[in-house]
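For chain X, the structure is supplied; the task is to place chains H and D on it using the hints.
Protein chains in written order, with UniProt numbering: chain X, 1 to 335; chain H, 1 to 296; chain D, 1 to 312.
Hints listed in this document are in silico derivations from the structure and should not be mistaken for laboratory results.
Note that this is a predicted model, so its numbers are computed, not measured.
Just so you know, not all the hints are guaranteed correct.
To be verified - Every beta carbon over 12 Å from chain D, so not counted as near; a handful from chain X, in silico: (1) Asn19; (2) Arg99; (3) Leu111; (4) Gly133; (5) Glu141; (6) Gln208; (7) Leu326.
What the hints assert, rightly or not - Below 20 Å or equal to it, Euclidean Cα-Cα: the simulated DMTMM-like pairs (lysine to aspartate or glutamate) are: (8) D/Lys7 with H/Asp133; (9) H/Lys28 with D/Asp173; (10) X/Lys209 with X/Glu141.
Glycine included, every Cβ here is placed at the ideal spot set by N, Cα and C.
Here are the chains, one letter per residue:
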Amino acid sequence: MRRDDSVSPRSVLEIRGLNLDFGTPRGRVHALRNVSFDLPAGQVVGIVGESGSGKSTLAYTVMGLLPDNAEVTAGSILFEGKDLLKMRAPARRSLLGDRLSMIFQDPMTALNPVRTIGSHMIDIQHHEQVSRGEKRARALEMLHRVGIPDPESRVGAYPHHFSGGMRQRVCIAMALLVKPALLVADEPTTALDATLEVQIIHLLKQLQKEIGCSILFVSHHLGAVAELCDRVVIMYAGEVVEEGSVRDIFHNPAHPYTRALLECDPGRIKKSTRTLPSIPGEVPSLLGTKLGCIFRSRCPQAFDRCVQENPVEHRIGLDQVARCHLLDEKRLVSA
Amino acid sequence: MVIVSSRLGPNDAAEAGPFGAFLRQFRKNRVGVVGAVLVILIVASAIFAPFVVTHDPTRIMVGPRLAPPSLDFILGTDQLGRDTFSRAIMGSRIPLLAASVSLSSALAVGLVLGLIAGFGPRWLDNLLLLVFDTIRSFPSIIFALAMIALLGPSLASVILVIATTSMPIYARVVRTQTEAQRSSEYIAAERSMGAGTTRILAVHILPNVLGPLMILVSMDVPAVIAVEAGLSFLGMGVRPPTPDWGAILNDGYNYIDRTPWLVIAGGIPIVLATLGFTFLGEALRDIFDPKLRKDL
Amino acid sequence: MWLYLGKRIVLAIAIIAIAVTLLFLMIRAVPGDPAAVLLGPRATLEMKAQLHQQMGLDKPLVVQIVAFFGGLLHGDLGFDVFSQRPVADIVFEQLPYTIELILVSIFWAVMIAVPLGCYLAIRRNSLVDQVASVVTVATIAIPSFVVAVYVLLIFAVTLRWLPAIGAGNNFRDVLIHLILPAFAIGIGWVGYISRLVRASMLEILGENHVRMARSFGLSEWRIVARYALPLAILPTVTIIGVGIAWLLSSAVFVEVVFARPGIGALIVSAVNTRNYPIVMGVVLVTTFLIVTATTLSDVANAFLDPRTREKL
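Same shape as in the complex, but just chain X (with noise of 0.2 Å):
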C-alpha cells in the first residue's frame, strides 16, 4: 500500500484501504472501495464530491456512526496511532466528544428541540471533571467565541429560537467547546444560504487555528473547500480519484473528473455563458464488483484500458496523487 514507508507521526487520521458496503433489498452496496488518505496533525483536509460518492459516509465511519445496515469490510482507520476499527465499541465511544468532534449539514434538527442550548452544552462536556458552573462558563465563553450575541441570556434558549445560521454556530460551538483533535464537518455549510456559508467557513478557519485541531471538511462546495482547506481528496463513487494540495488541485488538476468537477463550478467560470457546464451521465451503481475504471462511463477521454484493468495511483509532482491511466500513458509517452 501507499506511502507505508513513510507514515508520518504527524498525521492525526491515517485511513488505509477501507472497504464499506450497506446491505439493501437489493444486494450489497459497496459504498466506500480501497480508500486511504492521511489528514496531517494540524491541517484541513476537505473531501470533494458528488451526492453518493460516499463522502459523508466516510465522515460516519471516521466517527462511528454508521446505521445497522453498514458493514466495514477491510481497511483501518488510524486515529493517533490506534485502530479505530479494532477498538471496542466503549473505548471508541470515549474518544467521542473528548479526541473527536463533529458537526453535522441540517443544523435545523441536529439539536434536541426541548432541551436549553445550555444544557445541551453541559451535557457535552461529560469527560470533564470540572463543577457544573465552570461548565457552564465554558459554553458561554464558547458562545461568545462563535459570535451568539448576550449568551448570558440566550443559553437558556431552546434551539427553536435560533436561526439556521445561529443554530450552526452553536453546533461549532459544542464541537469545539471539547476540543477536539480531529473536527469532522459534514457538508456544514450546505444548508445554510450563501452569505451565511461565507460567514461560517471563516468562523471555521479562525477557530481553527486557535485551536489547533484537525479537521476533516466534507463539502461538494469547491469554493468553501478552496477557501478553508490545506488539502483536497475528491472522491468519485467510492473511490478516492485524485488527492493534493489545495493548490495542486485547483491549478494543476490530474483526474478527467477532476477537471470536469473544476470546470462545472460556477464561482470558476470566467467567460460569460448561455448553459452552467455541467457532467454528463450519472454516479454508477455500487451493486456488485465492476471491474475497469469507475468514471469512465461519464469520461470524455477513456479508451478501452479503462475497461479492462482497475487505474492505480500515479504520482504527479510531489504531492499530488491520482489514479487515472491517461497518466500511465502520458509517461509512457515521455518515457
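This is chains H and D only, laid out in the frame that chain X set:
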C-alpha cells in the same frame, strides 16, 4: 482487516402471482400463522358445532351439577347439569354471528356516511364529524349499557350497539379518502368530461378505500368478540339458555368458589378467539398496510 | 392558551349537549313507558301519572331537555325516584372509587411500560424484543374482564393471597383491595404503552439530534432517557387522555367482578332495574370525565414540548 459478511445477504426476490407472494410473506409471519390456525379452528367449530358437541348444549341435568371433567363431560358440567364442553363449542356461534352482522352493517353505514361527509357540503361534513367524534369519545361499554337500558338486553341490542360504536372509524377513513380524491386533479378532469358521481365513486373512491377498510374490520373483530362476551357476561347479551362464552363465564363466576372448570371453559375460548383474530389482523396489516393505524 | 381552552370547553359542551339530546330522543323513541317499567305490571294509572309528573315525563320533550340542562347548571343531574335521592349525590358518592381504580391502574402500567418500551427500543429485533412483541399484543387482545375473573380465581379463590371483593377501609386495606382490579385493568395498558413508547422511541432515535448526541460519546441510556424519552413520551400522554374511555369500560367489568363500588357497578345495576335517571347521570359524568381528561392530556402535551409551550 476483513469481516466476513453474513448478516447482510441479499434478499430473495419475490416472484409468482400476487397471491403466491402474499402466501409466502404470510408464512414468514409465524404469529400470523398461529392466528390463522386459531381462527380456522374457531370458525370450523362454529360451523360444524352440531357434529362436534357430545351432548345437547341446552338440555339440563344430562349429568350431575358442577361436576369436574370426566370422560363423558370433557369440561365438566354447569350448575344446571348441562355439558360445559358442548355449550362452549356451541357458544362460538353467537360471538361470530354478532361480529359478522354488526361489522358488516357498520361497514355499510360507515361507507355511506363517509361518502356523504366527504362529498357533501361543508356544514354537513362538520356535523357528521362531530357526531363521529362524540360516539368515538364515549366508553363503548358505557354507551352500550345506556342503549341496552333503553332497548332491553338481547343479542339484537348488542349487535346494534357494536355497529354504532365501530361505524365512526370506517366513516372517517372513507371521508378522508373521499376528501383527498375529490380535490385531486384527475377527478376534476373526469368531472369536466361529464363523469357522474356514481362513476367517480365506483372507479376512484371505492377501490382506494376498500383495502384499508378490510384491514380495519379484521382488526376490529377481536374487540367486537370481547364486547359481545363482556355484555353477555354482565347478563346484558343473549338470553338463557342460549349457550355463549360470556354467559358461561358468568355462570362460572357465580360458582367460582365451588368449581374452577366453568370459568376455564368460558374464558379460554374468549382468550383464544381474541388472540387468534388479533394475530391474524396484525399480520394482514403488516403485509398490506404497515402505516394504516398511524394515519387515523 | 385561553383561546385553546375556550375552544375545548365549547367542544365539550357541544359533545355533552349532543349526548344528552340523543339519549332523550332515544328514551322517547323506545316503545314502552319508563315509568311503567319502573313500577312494574301492577301499577295503576294514577301511580303512573304521579311518577310521570315526578320524572317530568308529562311535559313536552323540548321542555324536558331544557329543564335538564337548566338543572345541570346547578349541578343537578335529576332525581332518582327509587331511592328518593338526587342522582348527583348517588353518582358522586361512587365516582371516587372508580377514579381511584383508574388512576392506580394507569399509574402502575405507565411505570412498567415506559422503561420496558425504552428497553425494547434499544434491544430492537433481539429475541427479547420479538417475544415481547407477541406478549404485548396478547395482553392488549385479552379482554380485561377475562383477566379479572382469572386473577380472582387464582389469587383470591384458590391461593387466598388477596381479598376477592370490596374496596377496603383504611389506606393499606384499600391498596390491597386494589391490587387485583388494577392488575386486570392495567396489564393491557402495559402492552399498549410499551409498544407505543418502543415505536416512537425508535423513530426519535433515528433523528439527527440523537446522532449529534451520539457524536459526543454520550452513553446510550443517557441519550434514551434524557434526549429521546422527553419526545417519545408525547404520544403516550395523548393516548392516556383519549384512553380514559377504555379505562372506564374496563372499570365497569372489574367493579362487577370484584364487587367494588364505583360508577361502573352503579350503571350496571341501574341498567338492570331500568333506572334511567341514574343511567343518564353516569353517562353525563363519564362524558365530562372524558372531555376533561382529553383536554388535560392535550394541555400536558403542549406543556411538555417547549415549541408549543410558548403558544399556551
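Cross-check of the supplied hints:
Every CB of chain D lies more than 12 Å from the CB of X/Asn19, the least distance being 23 Å, so the non-interface label holds. The non-interface label for X/Arg99 is inconsistent with chain D: the shortest C-beta to C-beta separation is roughly 10 Å, within 12 Å. At the 12 Å boundary, the C-beta of X/Leu111 falls inside the reach of chain D, the nearest C-beta of that chain being 6 Å off. In this structure X/Gly133 is separated from chain D by more than 12 Å, as the shortest Cβ-Cβ distance comes to about 20 Å.
The non-interface label for X/Glu141 is consistent with chain D: the shortest C-beta to C-beta separation is roughly 18 Å, beyond 12 Å. For X/Gln208, the requirement that its beta carbon stay farther than 12 Å from each beta carbon of chain D is met, with the minimum near 18 Å. Consistency note on X/Leu326: stated as away from chain D, and its beta-carbon is indeed over 12 Å from all of that chain's, at 40 Å minimum. The suggested pairing of D/Lys7 with H/Asp133 holds, with an alpha-carbon distance near 15 Å, which does not exceed 20 Å.
Distance hint between H/Lys28 and D/Asp173 is unfulfilled; the C-alpha atoms sit about 50 Å from each other, more than 20 Å. Proposed proximity of X/Lys209 and X/Glu141 is supported: the alpha carbons are some 17 Å apart, at most 20 Å.
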